[in-house]
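Engineer: Put the complex together from the two separate chains, hints included.
In the order they appear, the protein sequences are chains U and E. Quick note: the first sequence uses the working numbering, first residue 1, plus one each step. Quick note: the second sequence uses the working numbering, first residue 1, plus one each step.
Source of the hints: derived by calculation from the structure; they are not laboratory data. Glycine is no exception: its CB is placed at the ideal position from the N, C-alpha and C atoms. Take the hints with a grain of salt, since some may be wrong.
[What the hints assert, rightly or not] To be clear about the criterion: a stretch of chain E counts as covered by chain U if any three or more of its residues have a C-beta under 8 Å from a C-beta of chain U, and this derived list gives those stretches:
1) 47–55
2) 111–125
3) 128–138
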Amino acid sequence: MKKNHKYVKEWLSAFVFIFGLMQIVFTLKQFLPHFGLYEGINWYEIFASFIAALVFSVSYFVINSDCLDNRISVRKRIIYCGIPCTLTGLLLSYNFGLQSFIPRIPNVAVASVVWMLSYLLSIGIYVGIFFIISIKHKKQSVQYNAALDRYKKQ
Amino acid sequence: MKISIKENPDIRETEVVIHCNRADGMIEKIVSAVQMVNGRLSGSMDGAIYQIDLSKILYIESVNRKTFLYTEKEIYESPKRLYMLEDELRGSSFFRASKAIIINLRKVHSIQPEIGARLILTMDNGEKIVVSRQYASIIKNVLEV
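Next comes chain E alone, as it looks inside the complex (with noise of 0.2 Å):
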């Protein structure tokens, strides 16, 4: 893979292009991770709205119709619903835990599993997530476990 940059003084905005014969599994993993850099969600706290990044966010979570977003110390409020919000993040780090959780896998600081072949994630801020049998086979595809 040739790794080319371009600097040009007059270019305002950065713009990444990826020449390639097929968009395969790589490619997607280089898009998310240009995302990740790059990609932020809007979340409103205190009646404040703020632009989070993705890399900040640990898990989304969605609570009688409402959808937050946690970080290590706050939780935003996000307009969007979580199946709206799980298909702009699909190809990046976010995978499915539960019907109601999105969590960041690269936010993810140890995973065991448990009896029901079900998964308990433990997220960097110590909080624990169980991840539903239905979900675990999802993560353990992309862990090629």
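Excised from the complex, chain U in its bound form (with noise of 0.2 Å):
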């Protein structure tokens, strides 16, 4: 029972902070030139943050937790995960992100054109950060072992 708090916290505090990072964002939209003075946060953007940040947690919680190291590997949780993960950046990007400035580019606006860059950019960016983490991994990898025959060594 107590694992299982430590469980829902863990979920609990991701999605909270993706959801407030979301918020952050949106206001900071707002300020850019092309959408002109700031308006304050419409119902829409609040349910689009919502439905990123419960993805987005839950897929960090099964990435992340220990609770299923066990059951299936992390390489196999981070595929099966990047796909609501790209979908939700899909969406996220198409309606609220770079890609909406897109359709105004001069022969960019066919919308599967701009659906597919959207996907692309999306898959690019969750590709792109396991890529840095696996370089960074790789790095560690390296320090840890050579202290590790250093203390064999002792």
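Structural biologist: Structure below.
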């Protein structure tokens, strides 16, 4: 029971953090020149933040939590969570993100192209994050193994 | 540090005495090394009781309130509980990897960091052990990284 509380707390803190971060991003977006003066966040954006926070926090929990370690490998979890995460990223970026500028670019105004670009960008961000993490882990691995060798020689 | 060995044919059991100003980290390491040379744990297999050298144990695991000692080829059952062994092995190269596992750091072949601040240890026999976030920091401290 105590362990379940720990997991709920872990997921909830991720959810609150992502939801808050999305609110800040939407607020800052209003200050961009393209969007004109600040008019506040509308209900649609709050709902989008909520859904995105839900998907991202659950994915974070599934990938990061140790309760699934013995059942499914981290690599598989990253791949499975990649699907809802990139789809959410697609919807967010298409409706609220940089892709909302694309229809205004001449000759790239085809909706399907914009959707595709949005999805590619989402996949790029998702893969990019894990690429950065894996590079960091490789560097750490070299450092840890060197330290292990030193320890064994003592 | 001065090292002196006094040989005496009348002595039946070898005794190691350390004269020091203060028992600091270095002294603990010396004690640990001596314990590892001489240290043994008892474990049973197929009804027979064996004395197993600490240096041969890869890790100790608790499963369903039973404690098992894993060497490269054999698995022995220990009469002691995991927390008792943890106390006995304090100061040696044995450290907690999770609530149910104590690993011998000298028998770790490689360390790989994992998402969620965890570590994956590949033991000398190729087995992989996941060190939970809670205990990963202890191992990092020991390795001074």
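Engineer: Which of the listed hints are not met by the structure?
Structural biologist: When the structure is compared with the hints, only number 1 turns out to be violated.
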